[in-house]
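Build out the structure end to end from the sequences listed, making use of the hints.
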Amino acid sequence: MINKYHRTPYILEFKRSSDMNTDFLRVKEDEANEQHRRIIEALKTAATECTFEQINFVAERRGAVVEDDFYNKLEKLNVQAGKRDKMLLAHVQRICEAHDTVMRSYYQQIHTSVCERHSEDSGRLGLTRRR
10 MINKYHRTPY ILEFKRSSDM NTDFLRVKED EANEQHRRII EALKTAATEC
60 TFEQINFVAE RRGAVVEDDF YNKLEKLNVQ AGKRDKMLLA HVQRICEAHD
110 TVMRSYYQQI HTSVCERHSE DSGRLGLTRR R
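Using this note's numbering, read the sequence shown as starting at 10 and increasing by one per residue.
If you are wondering where the hints come from, they were derived from the structure by calculation, not from laboratory data.
Here the structure is a predicted model, which means the values were calculated and not measured.
Accuracy of the hints is not assured; some may be wrong.
The following label-pair restraints were derived from C-beta to C-beta distances [claimed, not checked]:
| hint | residue 1 | residue 2 | range |
| --- | --- | --- | --- |
| 1 | Asn87 | Glu58 | 17 to 23 Å |
| 2 | Phe23 | Asp94 | 17 to 23 Å |
| 3 | Thr57 | Gln118 | 16 to 22 Å |
| 4 | Asp77 | Gln118 | 33 to 39 Å |
| 5 | Arg25 | Ile48 | 31 to 37 Å |
| 6 | Asp109 | Val75 | 19 to 25 Å |
| 7 | Glu84 | His45 | 18 to 24 Å |
| 8 | Met96 | Gln118 | 31 to 37 Å |
Subject to a maximum C-alpha distance of 25 Å in a straight line, what follows is the list of computed DSS-like cross-link-like pairs (lysine-lysine) [unchecked claim]:
| hint | residue 1 | residue 2 |
| --- | --- | --- |
| 9 | Lys24 | Lys53 |
| 10 | Lys92 | Lys82 |
| 11 | Lys85 | Lys53 |
| 12 | Lys24 | Lys85 |
| 13 | Lys95 | Lys82 |
| 14 | Lys53 | Lys95 |
| 15 | Lys95 | Lys85 |
| 16 | Lys92 | Lys53 |
| 17 | Lys92 | Lys24 |
| 18 | Lys24 | Lys95 |
Idealized CB from N, CA, C, for every residue including glycine.
Printed below as a string of structure tokens:
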């Protein structure tokens, strides 16, 4: 995203915290900043007329988002006040959908693994199904 009036390209990073640390927001912010530090330094060297800023959006492990932090970042991006609630809702919905996909995959793998193991054990014991 670029603020063309101030020549400020924003690098947006979306992180999800998997820890239960009460300070998860700061920890993930620091992690994201370090992750992109070299890229941003290279961009600053290549385009000295621009000011590059990184904005990190962080969600807690269960999909919770710190509203104040989210709204402050949208404000920094000059998002109109009337659109912020819709963006927060869409953001949380996407996080929940991603969480659901991960959980479905996990349970499918567990179920498939258990069924395959049961089938292999039955075959070794000479058991067959009744017809």
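Here is what the structure says about each hint:
no., hint, verdict
1, Asn87 - Glu58: 17 to 23 Å, "20 Å, holds"
2, Phe23 - Asp94: 17 to 23 Å, "19 Å, holds"
3, Thr57 - Gln118: 16 to 22 Å, "50 Å, violated"
4, Asp77 - Gln118: 33 to 39 Å, "37 Å, holds"
5, Arg25 - Ile48: 31 to 37 Å, "20 Å, violated"
6, Asp109 - Val75: 19 to 25 Å, "21 Å, holds"
7, Glu84 - His45: 18 to 24 Å, "21 Å, holds"
8, Met96 - Gln118: 31 to 37 Å, "33 Å, holds"
9, Lys24 - Lys53, "23 Å, holds"
10, Lys92 - Lys82, "13 Å, holds"
11, Lys85 - Lys53, "20 Å, holds"
12, Lys24 - Lys85, "18 Å, holds"
13, Lys95 - Lys82, "14 Å, holds"
14, Lys53 - Lys95, "33 Å, violated"
15, Lys95 - Lys85, "17 Å, holds"
16, Lys92 - Lys53, "31 Å, violated"
17, Lys92 - Lys24, "22 Å, holds"
18, Lys24 - Lys95, "20 Å, holds"
Checked against the numbered hints above, the structure breaks hints 3, 5, 14, 16 and satisfies the rest.
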